[in-house]
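Chemist: Guided by the hints, dock chain B onto chain A, whose structure is given.
Number of protein chains: 2
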Amino acid sequence: MKRNESNWLGLPGGGELSSSETQGSASEGPVTATDRWIANRLMTLNGSAPVSLALWDGETAYEPDASPVAKVILRDRRALYGLLLSPHFYFGDSYSTGRIEVEGDLVECLKATYRAVEPKTPPGSVKREIRNWLHRPRGTGIESARDNIHHHYDLGNEFYRLWLDDRLVYTCAYYESLDATLEQAQNAKLHHVCRKLQLKPGQEVVEAGCGWGTLALHMARHYGVRVWAFNISSEQIRYAREQARAQGLEDQVEFVEDDYRNIGGQCDAFVSVGMLEHVGLENYEALGAVIRRTLKIGGRGLIHSIGRNRPAPNNPWIERRIFPGSRPPSLSEMMRIFEPYSFSILDVENLRLHYERTCSDWLKRFDQVEDQVEQMYDAAFVRAWRLYLAGSIAAFATGSLQLFQVVFAHAEDNTVPLTRRHVYADT
Amino acid sequence: MKRNESNWLGLPGGGELSSSETQGSASEGPVTATDRWIANRLMTLNGSAPVSLALWDGETAYEPDASPVAKVILRDRRALYGLLLSPHFYFGDSYSTGRIEVEGDLVECLKATYRAVEPKTPPGSVKREIRNWLHRPRGTGIESARDNIHHHYDLGNEFYRLWLDDRLVYTCAYYESLDATLEQAQNAKLHHVCRKLQLKPGQEVVEAGCGWGTLALHMARHYGVRVWAFNISSEQIRYAREQARAQGLEDQVEFVEDDYRNIGGQCDAFVSVGMLEHVGLENYEALGAVIRRTLKIGGRGLIHSIGRNRPAPNNPWIERRIFPGSRPPSLSEMMRIFEPYSFSILDVENLRLHYERTCSDWLKRFDQVEDQVEQMYDAAFVRAWRLYLAGSIAAFATGSLQLFQVVFAHAEDNTVPLTRRHVYADT
Numbered sequence: 000m001k002r003n004e005s006n007w008l009g010l011p012g013g014g015e016l017s018s019s020e021t022q023g024s025a026s027e028g029p030v031t032a033t034d035r036w037i038a039n040r041l042m043t044l045n046g047s048a049p050v051s052l053a054l055w056d057g058e059t060a061y062e063p064d065a066s067p068v069a070k071v072i073l074r075d076r077r078a079l080y081g082l083l084l085s086p087h088f089y090f091g092d093s094y095s096t097g098r099i100e101v102e103g104d105l106v107e108c109l110k111a112t113y114r115a116v117e118p119k120t121p122p123g124s125v126k127r128e129i130r131n132w133l134h135r136p137r138g139t140g141i142e143s144a145r146d147n148i149h150h151h152y153d154l155g156n157e158f159y160r161l162w163l164d165d166r167l168v169y170t171c172a173y174y175e176s177l178d179a180t181l182e183q184a185q186n187a188k189l190h191h192v193c194r195k196l197q198l199k200p201g202q203e204v205v206e207a208g209c210g211w212g213t214l215a216l217h218m219a220r221h222y223g224v225r226v227w228a229f230n231i232s233s234e235q236i237r238y239a240r241e242q243a244r245a246q247g248l249e250d251q252v253e254f255v256e257d258d259y260r261n262i263g264g265q266c267d268a269f270v271s272v273g274m275l276e277h278v279g280l281e282n283y284e285a286l287g288a289v290i291r292r293t294l295k296i297g298g299r300g301l302i303h304s305i306g307r308n309r310p311a312p313n314n315p316w317i318e319r320r321i322f323p324g325s326r327p328p329s330l331s332e333m334m335r336i337f338e339p340y341s342f343s344i345l346d347v348e349n350l351r352l353h354y355e356r357t358c359s360d361w362l363k364r365f366d367q368v369e370d371q372v373e374q375m376y377d378a379a380f381v382r383a384w385r386l387y388l389a390g391s392i393a394a395f396a397t398g399s400l401q402l403f404q405v406v407f408a409h410a411e412d413n414t415v416p417l418t419r420r421h422v423y424a425d426t
Numbered sequence: 000m001k002r003n004e005s006n007w008l009g010l011p012g013g014g015e016l017s018s019s020e021t022q023g024s025a026s027e028g029p030v031t032a033t034d035r036w037i038a039n040r041l042m043t044l045n046g047s048a049p050v051s052l053a054l055w056d057g058e059t060a061y062e063p064d065a066s067p068v069a070k071v072i073l074r075d076r077r078a079l080y081g082l083l084l085s086p087h088f089y090f091g092d093s094y095s096t097g098r099i100e101v102e103g104d105l106v107e108c109l110k111a112t113y114r115a116v117e118p119k120t121p122p123g124s125v126k127r128e129i130r131n132w133l134h135r136p137r138g139t140g141i142e143s144a145r146d147n148i149h150h151h152y153d154l155g156n157e158f159y160r161l162w163l164d165d166r167l168v169y170t171c172a173y174y175e176s177l178d179a180t181l182e183q184a185q186n187a188k189l190h191h192v193c194r195k196l197q198l199k200p201g202q203e204v205v206e207a208g209c210g211w212g213t214l215a216l217h218m219a220r221h222y223g224v225r226v227w228a229f230n231i232s233s234e235q236i237r238y239a240r241e242q243a244r245a246q247g248l249e250d251q252v253e254f255v256e257d258d259y260r261n262i263g264g265q266c267d268a269f270v271s272v273g274m275l276e277h278v279g280l281e282n283y284e285a286l287g288a289v290i291r292r293t294l295k296i297g298g299r300g301l302i303h304s305i306g307r308n309r310p311a312p313n314n315p316w317i318e319r320r321i322f323p324g325s326r327p328p329s330l331s332e333m334m335r336i337f338e339p340y341s342f343s344i345l346d347v348e349n350l351r352l353h354y355e356r357t358c359s360d361w362l363k364r365f366d367q368v369e370d371q372v373e374q375m376y377d378a379a380f381v382r383a384w385r386l387y388l389a390g391s392i393a394a395f396a397t398g399s400l401q402l403f404q405v406v407f408a409h410a411e412d413n414t415v416p417l418t419r420r421h422v423y424a425d426t
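So the sequences go chain by chain: A and B. Position 21 of the first sequence, counting from 1, maps to 20 under numbering that gives the first Met the number 0, and the rest follow consecutively. Position 427 of the second sequence, counting from 1, maps to 426 under numbering that gives the first Met the number 0, and the rest follow consecutively.
Isolated chain A (complex conformation):
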């Protein structure tokens, strides 16, 4: 199932710069005064981050007032004009193809940039509206959703096994203390979700978007429930079914290769961890309708999703190259799932700092296996994924992204717990 090797992410022109190109200059012509002026304006227009900027002649074109945390080097004029056209988008593509390099700590460079850029566009401004329209995500209908999910989650289980935790949990972990390992924190997250759902033996659970099946198997093993787990990634479903057999849980857990919109039946708990980012705002009410008909009165629901403090499109490069169709919602946007059906929101928890830490742990592991990843794909793929992971750390660290866990029940359900102490009861 390997795609065109040089074009794993849909990068333009076969991906990488040739070595003569990376030496730069000749084909570009020398840096002009206009290039230098544009480079300088680019930085000041984008909030004057404490990052210095050099051009393809090696000379610095922008030096911040504060001590720079990193140096960004543009290797050719195309990189410069790309940044002018759409800084978020072309930074990603140019970094992946080597037209942009970063000297110094990539994560710190991105954090500084996020901090500088983030608060500059007030809500409701024309600039923001135009940006939102230009950056509207791809469609998320049933057909498009399959393509979107295939693009990312079907890259190959071998790839994810190289740098995720040993159980392949590809969502925000829960670090009960900062010295917890990734494995401990993912295990704690699985229990945290189950405790919030107050699972009881014999209950029936629907999971929408089950990844490699780890939560479904964990719920079955530790809480004695039956699970129907849905996913449209064929690679993940295949792996999850193997795991169910290997762990002797195939009678308790059924992995269904289907879209969340086709979920039927009735359940005591409805859980979705890390799927909502891919659902698309236009389908939130449809997701609510699925939950409305699926969740029994007295049942509990939990949706775990990357989110925003206020409505904004995803980073356009992430949306195009990494997660097609994705959009992290604000809480008011998430309410489009719940409010049309009068679901009662019981509990919202924000795990933003946990996702910063999770992505840091992933990046550390990714850096250790980059040679293997390059052999599986190519150097542009490695750079793109390093940027994606580093950018995610920066986004969670600076408050550009959030992680919401929302627990809910039907409006008329008076069996909801009086307090949340059960979530924190030591087991």
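Derived from the structure by calculation, the hints contain no laboratory data. Quantities reported herein were computed from a predicted structural model and do not represent experimental measurements.
To be clear about the criterion: a stretch of chain A counts as covered by chain B if any three or more of its residues have a C-beta under 8 Å from a C-beta of chain B, and this derived list gives those stretches:
#1 305-311
#2 344-350
#3 412-420
All C-beta atoms in this analysis are idealised placements derived from N, C-alpha and C, irrespective of residue type, glycine included.
Modeler: For chain B alone, coordinates are given in the frame of chain A:
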């Protein structure tokens, strides 16, 4: 400061039915077939609640299929036509003036009615839109807000002392167990709020809408903070200042008789318990702006408010007679405070069942002092308040109302706690 005795709540026509009127019939003329048909339609159009309905001739005009939980008696034609015109509004006024009586448990009657009525109007329907427009609340500008608050909170501290807990906390309590008393639960609520805010000695706290000052004094006494507490109810502020002096806390707590829009300075924590219901949706962004300029980076905020599962106006009788200008927001509506300023929502907890229990405790105490209340006001006032408390129990019990506690911080604040375990740590 007593108002026109017969018109405490702005009830029409001097309030009460005369005793000859309550005997009914003569001035009304006999019940006609049309009256009977209208009474029947009224019940079926409003969801066929399991409540029987009798008219002023004593005959039953509607008998539910299920066993009735109570019997509603309309004492005259005016009551019938009022219900036809605006059931929510005229039920309240007619019950208060004695044109409507309820035989059986008032709370159970209202619960059954809420359950029957609530799900009948789908979101976005024309009927709902018209209802929302007709029931838009009074203005909540600075002048109107003062009138609105005066109407309810300046009824006299003596009145509230008769049936609230001994520290006059007039918001949802927190019952850590169901055998907790009202006093224990209010004390637990005060601590619950303080733990969520993670107050530390020496911090400066702003409280918007401080009631009789109990939370402000509690924070100062138990958490060693300095508090500026704002309120536009002169009766409450007078009482709160007396309490500060009596408790020797006047150096730590300043009670300011002013509107939340005039809050200045900077604080480590911003807390508002039970004020948002009176703020009015149109002022949410202004409230957010106040918090934005007041709360230091690194500070915590908490807003505690009655809410809804989805946008809807307040019960029009409550909005007119009990809490002018009030509107409980849905979570998406609450986000109008936070999202324009990119506040990060850390935690939302729904305490709906706690408010059902709190109102039940209040009603029990109110019933015991109704003779005293009638001497202070009049019989219509007693009936109106009994209906308000019983209706609140029913609304929280049936999921028509929610109680949200929302904890938030500035977007860039990385000092937020990793987990919420501190809220549940035994002290």
